[in-house]
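Protein chains: 2
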Amino acid sequence: MRSIPTFVLLALPLLDWYVVFGYGIRKGPETNQDISYTTHYITQKVDHFGFANDNTYKQRYLLNDQHWRPGSPIFFYTGNEGAIDWFCNNTGIMWEWAPSFNAMLIFAEHRYYGESLPYGNKSFDSPNHLNYLTSEQALADFVSLIADVKQRMPATSKSPVVAFGGSYGGMLAAWLRMKYPSAVVGAFAASAPIWEFGDLVPLGGFAVVTTKSYASANPNCPIIIRRSWSVMDQLASSVEGREFLASALGLCNPVKSSAEVKSWLSSTWINLAMANYPYKANFLEPLPAWPVKAICSHLSDINLDHKELVHAVRHAVDVYYNYTGSASCYKTSESATGNLGDQGWDIQSCTEMVMPMSNDGVNDMFEPSPWNMTAVTEDCQKKFKLTPRPDWIIRQYGGRNISAHSNIIFSNGLLDPWSAGGVMQSISESLVAIVIADGAHHVDLRSSHPDDPISVQMARKKEKAIIAHWLGYQPKSLKATVGRNVL
Amino acid sequence: MRSIPTFVLLALPLLDWYVVFGYGIRKGPETNQDISYTTHYITQKVDHFGFANDNTYKQRYLLNDQHWRPGSPIFFYTGNEGAIDWFCNNTGIMWEWAPSFNAMLIFAEHRYYGESLPYGNKSFDSPNHLNYLTSEQALADFVSLIADVKQRMPATSKSPVVAFGGSYGGMLAAWLRMKYPSAVVGAFAASAPIWEFGDLVPLGGFAVVTTKSYASANPNCPIIIRRSWSVMDQLASSVEGREFLASALGLCNPVKSSAEVKSWLSSTWINLAMANYPYKANFLEPLPAWPVKAICSHLSDINLDHKELVHAVRHAVDVYYNYTGSASCYKTSESATGNLGDQGWDIQSCTEMVMPMSNDGVNDMFEPSPWNMTAVTEDCQKKFKLTPRPDWIIRQYGGRNISAHSNIIFSNGLLDPWSAGGVMQSISESLVAIVIADGAHHVDLRSSHPDDPISVQMARKKEKAIIAHWLGYQPKSLKATVGRNVL
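One line per chain: the protein sequences are A and B, in this order. Just so we're on the same page, the working numbering is the position in the first sequence counted from 1, plus 28. Just so we're on the same page, the working numbering is the position in the second sequence counted from 1, plus 28.
Source of the hints: derived by calculation from the structure; they are not laboratory data. Be a bit skeptical, because a hint or two may be false.
Pairs count within a copy or across copies, as identical chains cannot be separated in the list.
The calculated DSS-like cross-link candidates involving lysine-lysine, where the alpha carbons are at most 30 Å apart (straight line), are [as the list claims (entries may be wrong)]:
#1 K284 - K411
#2 K284 - K410
#3 K150 - K413
#4 K86 - K413
Computed from a predicted model, the values in this text were never measured in an experiment.
With the sequences and hints as input, model every part of the structure.
Here it is as structure tokens:
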């Protein structure tokens with residue numbers, strides 16, 4: 029009932045897919061950081077991997093060097109599916125750690141997002157212009173940017189570079205270290221589902237983790253959500269029922285079928301699971317602390333009748349879409365994840381980033397929905413004249429066989445649906461999995477907060493120590509200087 | 029006086045460049061191996077790194093499984109600039125080692141060479157068709173081929189794959205392990221000048237090594253060769269002198285300038301250095317054992333006058349072009365390296381494979397010739413409408429900073445000019461440099477020969493032991509089974 033399989037089956041736009049994926053990183057600015065940066069542009073080849081097209085474009089990147097000293101490290105954020113200033117404003121941990129490492133911060137925008145459009149406003153108008161929107165080209169941009177900075181600022185020439193990234197940005201950070209270990213000494217990949225491809229992980233994992241997250245808030249909650257689908261089907265079978273649904277759920281639009289309502293709700297529950305942070309946070313919509321718990325507080329009575337259940341769902345939905353009380357009605361075509369990614373992730377999901385998922389409605393709280401690659405392919409061809417290559421990412425990045433690589437932190441939160449596609453066990457001494465019991469989608473990349481659970485605090489401490497180790501600091505000096513300059 | 033700088037300065041075709049590079053691997057079939065293979069074709073994407081072009085082509089590969097057993101390794105030759113059957117017929121060591129490892133042999137043809145032409149006979153007709161001739165695409169072909177074989181032949185699914193390659197093929201083998209360590213457990217990169225880019229090694233190294241190789245045959249030899257350039261200039265300044273040159277050197281064509289003669293001779297001396305094997309070998313032209321020594325036996329008397337010197341050069345040239353006595357005259361436009369590479373290496377030298385070199389005429393026996401990137405660029409644009417990116421290979425493959433990688437043997441012979449661009453010192457326990465004192469261009473990939481010097485024998489023994497180690501064999505079991513099945 030959500031993500032690609034559902035959307036395809038329901039013939040709804042694939043666009044919603046990236047929205048689900050992109051949600052967690054589109055949080056509003058955190059205010060407890062002193063964030064200031066300068067904006068720069070580097071001329072990049074549109075095609076790093078061919079020589080017939082010598083077009084160039086301007087890639088945006090943001091830089092802060094207030095703490096930096098010659099030879100000190102560079103923390104390099106590998107931008108993902110959105111404008112880079114969002115990531116810059118919302119990856120608090122890089123700002124928090126910069127003083128202790130004297131680190132320069134660079135946030136590099138991913139091509140085809142934000143201002144970094146290879147063909148300006150024509151970037152999305154044809155397969156030929158879309159041809160250069162791939163993870164490989166993005167990695168080559170990052171490597172070229174690092175080389176360019178080191179060339180233009182000689183004092184950085186010996187500065188070790190550490191890659192940081194969350195979600196798809198975490199995948200890019202990990203892949204950057206895997207493919208270009210000469211460019212970065214290590215990568216901190218937060219909530220990076222690098223194995224959410226092919227059959228590397230169970231297709232139902234994402235839905236199961238989401239469901240567990242709700243169950244841990246309240247055991248009845250997923251049961252009620254699962255029951256809600258058939259309730260809505262029944263109600264939507266009559267004119268009167270559809271009118272009731274639209275009214276009770278506070279929709280702006282009349283209900284044409286239960287499918288659109290169920291799809292909207294599924295996306296909402298998933299987005300909430302990703303954003304299940306332990307404190308009030310201002311995302312696209314402001315949310316309370318532990319929002320899944322807040323929602324499930326309305327979905328705890330197992331004995332509700334049909335209409336009571338819909339009302340309960342409405343109260344739950346209010347938590348997400350109307351925490352401040354300013355929304356007048358809800359549109360089922362919008363799951364409140366804004367414009368992040370624009371068309372970009374939609375395209376990437378149709379080419380490289382094919383992440384198969386399914387629901388069975390038994391082990392998860394969603395409606396059964398098998399993965400249908402044929403339908404995905406047809407949809408991509410119809411919309412973009414592009415054919416997915418679902419095996420490619422596995423071939424390109426090695427699938428589960430990554431033990432030859434080194435110096436990557438894979439952190440995942442057990443509350444985060446995307447942990448189902450992540451590296452959850454350390455592979456070697458230098459490919460370290462950090463599992464955060466109380467963590468949602470890359471919570472550890474966010475600024476420290478007084479309400480952070482111990483597991484999040486411990487994760488950050490370990491992550492910082494590992495990065496210090498990559499950079500050659502002795503554990504002792506690090507330990508002696510936590511919170512201060514480690515040098 | 030040779031290779032790109034010379035050819036560019038003399039406005040001779042860059043084509044000769046690949047010829048120099050390609051020479052060593054274009055040897056005729058060795059007859060002491062029982063070589064039989066089946067020929068196969070795999071459908072490959074023309075563009076692995078973009079989704080707009082869904083064209084495919086048939087890549088040829090050769091396979092021998094006579095010794096193979098389920099689970100045993102696959103030895104995979106990463107084809108370089110030529111038709112794959114030549115490499116298959118002439119990389120004797122793979123055939124020699126196959127029985128002891130029960131190895132399957134696969135020889136994969138490089139795209140744009142031999143039969144593996146992405147756009148058939150139109151492959152070279154435009155920048156758009158040439159766009160997919162890159163090392164990255166070639167590596168992606170190899171990875172896809174390995175994945176395909178493992179999928180179609182389930183008994184190979186757990187077979188470890190070891191990459192083998194010589195010269196540019198050795199670079200590809202090393203890069204395959206560096207970029208795709210999930211695909212190959214290790215790489216045996218023979219005479220792979222992976223550092224012959226940018227300023228990673230001294231630009232004059234190639235010429236210096238060539239000169240040393242001649243000096244070790246006879247100290248007077250490089251002195252006489254160096255002197256020959258001005259002698260030819262003087263002779264070529266008169267009609268009579270040009271006629272004498274053409275006649276004395278046995279040329280088919282009249283001499284228009286000394287430049288063409290000097291260029292032809294420089295290429296000849298370089299090719300001979302690469303092919304300086306310790307036994308008679310049937311290359312494009314049959315050669316005696318230690319051909320550099322044979323040549324220098326004619327270039328040992330320091331007191332020759334001008335005309336005597338030209339006659340001596342003629343005798344030396346005869347060793348290379350007329351060992352069997354069948355040549356009637358020589359064409360200065362042909363340096364007897366045949367059609368290997370066709371147009372392919374010419375293109376690659378104009379895009380990625382820009383290997384800067386220079387001669388100073390002091391530390392080497394060639395005429396002074398600085399590196400001129402501007403001239404190279406203009407030439408490439410004029411000929412192919414392609415602009416070189418001389419920094420790209422260093423960014424893509426990490427330059428000298430490759431210590432994060434593992435399981436690569438870099439073997440180089442001290443007699444081989446290309447050793448100047450190779451990895452000559454071990455970088456780590458698993459990035460092992462093997463230097464062969466008496467080795468010319470990837471002599472260790474050739475079949476064992478009774479006249480192999482001890483250094484070549486020792487190198488092969490060490491290489492075999494390292495590969496066995498990658499494959500999990502205990503040193504003891506290997507030791508007990510040299511020449512027999514190690515299992």
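- Please flag the earlier hints that this structure goes against, numbers listed from lowest up. none
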